[in-house]
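Participant: Each chain is listed here by its residues.
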Amino acid sequence: MDKTGEMYFINGPVVKAKKMTGFMMHEMVLVGNVKLTGEIISLEGDDATIQVYEETTGLKPGEPVSGTGDLLSVTLGPGLIGSVFDGIQRPLDVLKAQSGDFLERGVIANALDMKKAWDVQMPNVKNGDQVVGGQVIATVKETSSVIHKIMIPPSISGIAQNVKSSGKYTIDTSLMTVTSDDGDHEIKLYQRWPVRIPRPYIERLAPKEPLVTGIRVIDTLFPISKGGTAAIPGGFGTGKTVVQHQLAKWADADVIIYIGCGERGNEMTEVLEEFPQLIDPRNGKPLMERTILIANTSNMPVSAREASIYTGITMAEYFRDMGYNVALMADSTSRWAEALREISGRLEEMPAEEGFPPYLASRIGDFYERAGRAKVIGDDQRIGSVSVIGAVSPPGGDFSEPVTTGTKRFIRCFWELDRQLANARHHPSINWLDSYSEYTSELKAWVSKNVDEKFYNMRDRFMQILTEDDTLQQIIKLVGEDVLPDGQKLIVRVANMIKVGYLQQDAFSDVDSNCQLKKQDEMLKIILNYYDRANKLVSKGVVVSEVLDDDIVNTIMRMKENIPNDKIEAFKDVETKINEFFDQLDKKYQVSVEA
Amino acid sequence: MPAKEYVGLSQINGPLIFIQKPTNVGYNEVVEIMIRNEKRLGQVVQISDQMAMIQVFEGTNGLTIDKTRVKFLGKPLMIKVSDEMLGRIFNGIGQPIDNGPEILTGDSRDMNGSPINPVSRMYPRNFIQTGISAIDALMTLIRGQKLPIFSGNGLPHNRIAVQITKQAKLKGEEAGNFAIVFAAMGIKHDEANFIRESLEQSGAIKNTIMFLNLADDPAIERIATPRVALTAAEYLAFDKNLHVLVLLTDMTNYCEALRELATARGEVPSRKGYPGYLYSDLASVYERAGMIKDRNGSITQIPILSMPNDDITHPIPDLTGYITEGQIVLNRDLNRKGIYPPIGVLQSLSRLMKDGIGKGYTRDDHPHVSSQLFASYSRVQEVKALASIIGEEELTDSDKSYLRFGEAFENEFLKQGEDEDRSIEETLDLGWKLLGYLPKIELTRVSEKEIADHYKEIKEI
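If you read the sequences in order, they're chains A and B. The numbering of the first sequence is the working numbering, which starts it at 5 and goes up by one. The numbering of the second sequence is the working numbering, which starts it at 25 and goes up by one.
It is possible that part of the hints are untrue.
[To be verified] Incomplete in silico selection of chain A near chain B, CB under 10 Å:
(1) 7
(2) 10
(3) 60
(4) 64
(5) 299
(6) 309
(7) 346
(8) 354
(9) 359
(10) 397
(11) 485
(12) 489
These are computed hints drawn from the structure, not numbers from a lab. Heads up, the beta-carbon is just placed ideally off N, CA and C, and yes, glycines get one too.
Okay, chain A solo, but in the shape it has when bound (with noise of 0.2 Å):
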């Protein structure tokens, strides 16, 4: 613990020390007389190189470098949600407290509120049981919206001594000692993980259940399981922060780790006034219930930049060991990405592609790996997920960057945003054409059962009509809408219909902004009636313009804003109003057909 070596070198964010013999790699130190958080990436002979998660204006070669003994860690207990926690898990309400509106450097502050009284239910153990690692033993109401489950840490079993009953606890205290063959261990509301450690788990499933979104282009044609992983791409200005926003407030996962990865100091802020306002609709509880937030905007330290995302994982993972659906949003993983290679660059290591170093596509591939659906550790067979969702933002947007490559090598859901969508304001911007996702194989059983059979048919043939459409517009642009046969119009227009009535959804429309996968079924079965109908008529000769009355089109259209999540049933009045009008030009045909 004593252990002190000194300073010898310092650029931006990287210090070199010497007299470093017997520090850990990855041990996190304190750096210089004002103590300020650091991390050893490098041990070379007696050097030490170390990143600093600080500004390091004003440090001097000779000052002093101390051990923690510890790796770089997290804090995990009850108090973590609703919490705001820098990059290295220093809460912002705190520092805000300590330093005032601007973050000064060199704050000590703990991850978790150490006087805060939790009411601990412990039920279950006695002296004297045997318990193991990741077994639940006592049971916390953190909010309203999620039960913390305290559990034996990962790699202790053994007998429960000094068992406390339930009552009011500060995270501090030691509910019971645990008597192992390495001797005793208390155990306490709250344990420590080091973030670049993957949490351990029993097995890791299949997924098969949908992290439904609410966001009709993802649930409908391009969905994530729970346990998935996805990537966003776009250049700057398509939306990938609404979406990501999108995808906090509505994915019905029980806990939700927003990471703002040097991205804008606003868009945290907007997110802190919002969530709390916001209702979650699985349970009317506010959404900031189930929400953890990890802010290091762009210009907060670099290299905290680059440790935040750790820091979220590892919070995802405690979380899913509890048994719960996780989502993990991380906006940017380019940002993160970019970190590393500043480091890289002030190491002067030899660059690969564009300046980032040669194990950025590892690094990704780690990060991601971290999520699954997992059989987790304990005594009961409890399930839980990590779901990642990343945002990555390509320079010029253009997609063969490496990150992005390198990305899709991890990932199984690609959303790519659209700079040609977003400039015409068709929000969400995700390119049905480009865009994949390999889970609608995986995910078909869960949604026929629990949704409708024929879901995933209508699935395809919305990318039927719209791959057709796609090559429709190709001749469209050489000659114009006029000279396509009636059947092709149709198909256009139907397109367009998929395109405005369908996929667009307006993030801030209190009707649209969340649609539940009924609601999602009830307007694929209304469009494509319409085109299967529609297209009847057109096949026996009768001209486009007879079935695109404008009332119809126009009810089509407005039916995503006009019908709420709750009021289902109202679309069978258009569709009534939809078989009306059919039958009326049946009729109509068919006399004069038979005349």
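Chain B: place on chain A using the hints.
Facilitator: Just chain B now, with coordinates in the frame of chain A:
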């Protein structure tokens, strides 16, 4: 403690000087460099027990290895901030150049500032009316926002910036406690003069602080200029409760100075030779805009940058766009057609407008009208492309109506005089009037009620 002074350098390389075996010198510390009777400022950019690397803001011209004296001041670059700065003109590192007195009273502040704690920020929502229809309706400026102008050589970005500073006001409130901080980085004398004279004419000059680093001033000084300017702005906004509009022009010159320095330091370059930390560096400038809870002032930033070769994917506009809350992109085609302001609306965007317009802020129908104008104008581009192939005669009636709409949109809505100050109501009514060129069925972004209230079809002219 007396400051340590060293005589003699070990190396001079571009804008950098090196001093061997310095003792008790801190990273980022400011240094005074004396040659003969001239004093220059520098900053420690890398330090080890063997060597201190110092960037010299005024350049290394005329420095000698043996005679140069260097004094380490033991603190980062500080500037004195006070009310006296209003109406004054300074150079790029905050020294007066208007023959006025030195700023003597006031706080000394670190020019690098400190990041605003995200939980202390207040989300900006107050609509600023600029009187320019395209901006007010389609890419609304919000108090506390950072909204850059992406321009190109020969485009009228300075005129637009001046028009904004002259006309900007909150709705229903006269321009009151406001101030302007103008930071020039490597711009031409003419441009700086134009801006100063315009501000003089409008009387805003007495509420303005100018920091001028012109094209023939030392390039490395530019690295300090926006930081010095923002330090002054932060003082005015958060200590004096003023609403500060910060104009930073031209950020491209700033980035080039950064690249020059990075190259001299032998750093590994990333795209187009710019350093890998360009994003973080720009963020440390742009993120100093905003509002803070329980404080009344605000900093609104309008950085101006010229896109090299009009290329919006160039690293400078690209990284800027990732940090700022939208962008106003100027369009050369519109400029050629004689349309002022030549704002390319489809590429432009304001990220904060969604929460600062509509009910309670501007007018209830604003969000929908704006979305409809975007969508329709976007369709105009498609129709134009089609018309250029098959000819206008062959277009469908609905497509022809788009062409008429597009024409009117550019000539009546975008185009306005440099002194024309349109209220938001005028702007929105004008928008509705032009939507009258389109058949009702095409208006899918506005509600049926709004159509009933505002829409009036314009029949064949």
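Participant: Going through the numbered hints above, which ones does this structure break? Give me the numbers in ascending order.
Facilitator: Hints 1 and 12 not satisfied by this model.
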